[in-house]
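Visitor: Read off the chains here:
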Amino acid sequence: MSAEPKSQSHRTTNNPFDLDQLRELIALMEAHGISEIDLRQGDQRWNLKRGPTEVMQVVPATGFAATSAAPAASVAVPPELAPPAAEDPNTVLIKSPTVGTFYDAPSPGDPPFVAIGTKVSQDSVVCIIEAMKVFNQIAAEVNGIVTAVLVKSGDAVEFGQPLFRVKLG
Amino acid sequence: MALDLDRLQNESFVAGVEWHKTLESTNDLAMQRAAQESLETPFLILADEQTTGRGRGNNRWWSGTGALTFSLVIDPQTPAGNGNSPQRAGGFIPPVYWPRVALVAGVSLCEALEILAPQLDYGLKWPNDVLIAGKKVAGILVEIPPARPPIPRRLVLGMGVNVNNSLAESPPEIQSVGTALCDATGLEFDRTQVLLAWLDRFSANLSALAADSPALPAGWQSRCVLTGQTIELQAGDRAVRGVCRGIDVDGALLVDTPTGPERLYGGVLVRVLA
Numbered sequence: 001m002s003a004e005p006k007s008q009s010h011r012t013t014n015n016p017f018d019l020d021q022l023r024e025l026i027a028l029m030e031a032h033g034i035s036e037i038d039l040r041q042g043d044q045r046w047n048l049k050r051g052p053t054e055v056m057q058v059v060p061a062t063g064f065a066a067t068s069a070a071p072a073a074s075v076a077v078p079p080e081l082a083p084p085a086a087e088d089p090n091t092v093l094i095k096s097p098t099v100g101t102f103y104d105a106p107s108p109g110d111p112p113f114v115a116i117g118t119k120v121s122q123d124s125v126v127c128i129i130e131a132m133k134v135f136n137q138i139a140a141e142v143n144g145i146v147t148a149v150l151v152k153s154g155d156a157v158e159f160g161q162p163l164f165r166v167k168l169g
Numbered sequence: 170m171a172l173d174l175d176r177l178q179n180e181s182f183v184a185g186v187e188w189h190k191t192l193e194s195t196n197d198l199a200m201q202r203a204a205q206e207s208l209e210t211p212f213l214i215l216a217d218e219q220t221t222g223r224g225r226g227n228n229r230w231w232s233g234t235g236a237l238t239f240s241l242v243i244d245p246q247t248p249a250g251n252g253n254s255p256q257r258a259g260g261f262i263p264p265v266y267w268p269r270v271a272l273v274a275g276v277s278l279c280e281a282l283e284i285l286a287p288q289l290d291y292g293l294k295w296p297n298d299v300l301i302a303g304k305k306v307a308g309i310l311v312e313i314p315p316a317r318p319p320i321p322r323r324l325v326l327g328m329g330v331n332v333n334n335s336l337a338e339s340p341p342e343i344q345s346v347g348t349a350l351c352d353a354t355g356l357e358f359d360r361t362q363v364l365l366a367w368l369d370r371f372s373a374n375l376s377a378l379a380a381d382s383p384a385l386p387a388g389w390q391s392r393c394v395l396t397g398q399t400i401e402l403q404a405g406d407r408a409v410r411g412v413c414r415g416i417d418v419d420g421a422l423l424v425d426t427p428t429g430p431e432r433l434y435g436g437v438l439v440r441v442l443a
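Residue numbers (this note's numbering), protein chains in the order written: chain A, 1 to 169; chain B, 170 to 443.
Do not rely on the hints blindly, as some may be mistaken.
[Said to hold, decoys possible] What follows is a set of in silico ranges between Cβ atoms, one per label pair, in the way DEER data are often shown:
1. Leu168/A - Ser391/B: 47 to 55 Å
2. Pro108/A - Ile343/B: 35 to 43 Å
3. Ser153/A - Thr399/B: 22 to 30 Å
To be clear, the hints were calculated from the coordinates, so they are not data collected in a lab. The structure displayed is predicted, hence computed values, not measured ones. Every residue, glycine too, gets a C-beta built ideally from N, C-alpha and C.
Bound conformation, chain A alone (with noise of 0.2 Å):
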């Protein structure tokens, strides 16, 4: 691998999109409640959604070429933002068995029973489901990596709703 790899990117000289921005937009959404943010830029096209999944899609618009020009390390898509991969067969998610509040963690201030790359088996607890005080403690119940956290500490979340994504493995 050489000093400076000239890895295909998404960032080019005029290019006003980078991750941080995206982390940015994120983060903005999250503070004001938006759903949906729609940029589009020349011929690209940034198209970000939360909803109860929080699925987040980067869409690149029709005849978007990543250029070279850069010497920068290419703008990975963070696996939390990726496309839905439903259609993946070695992908499932871990749904709500029961309406109820989301808790990541044992008890505020404690580190996340999982996050993405934890690699989980079917006996681990990913997280707390909680309702009118009675604490559910949600386990995998298969075997393979985090690859997706769908809602944050907190969240309310609804009967099936997808929490997780896992690969399988």
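Following the hints, complete the assembly by docking chain B onto the known chain A.
Guide: What follows is chain B alone, placed relative to chain A:
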């Protein structure tokens, strides 16, 4: 007065009893016991003193000498257990009903105390506090460990009841919101008797829950202290303000807000406005 473990085992539906002078948390130990396949349920864990009683965030349960602090492990899908009164706790409780168990425990405590000290005014503060004349006398917390086949899913119910631990010497801010049975009545109570009375009502009400009996929702509806009050709750990121319309049959708190009726399954009561 020491707890009478023999009576607890012989005169209730519990199959086993374990007592500790001091424990960090009866629920923590109960969660460990619940992971043992050989555990006979219902199983009761008692502690005279609990040093880090559970509660989410800063909602730690206070526990002094004379309090009744315990956790009960039950198999909600085979709750008959091995106790002496299995007929009082028969029935399969579907998981969809499990979130109502804390309310069922609260109703059961009200019913038990209404027998032991009928002169007092008991109420439920949704979802898990029992009050005497508006002051908290007990708190409830239920934890459900994950499935670990072949062990069935179990419920761990933790409760703290201020029985003989007088709050008279506690700071004014505690006394303004909390009370103990001894403070409210001027009498000392046998904690074994209090617990037996609760176990009796709770086992009967678990059967009622399994049968989806309408008597249970009537029990929490009639004791809901928030009904008719303007309240403010924090539900996740949202602040919900409106007039409480009571507790629904499935345990949800009903709130009429300016934007329409809400059904809440979670959230923290921030304040009562009127």
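Visitor: For each hint given before, does the structure comply? Return the numbers of the non-compliant ones in rising order.
Guide: 2
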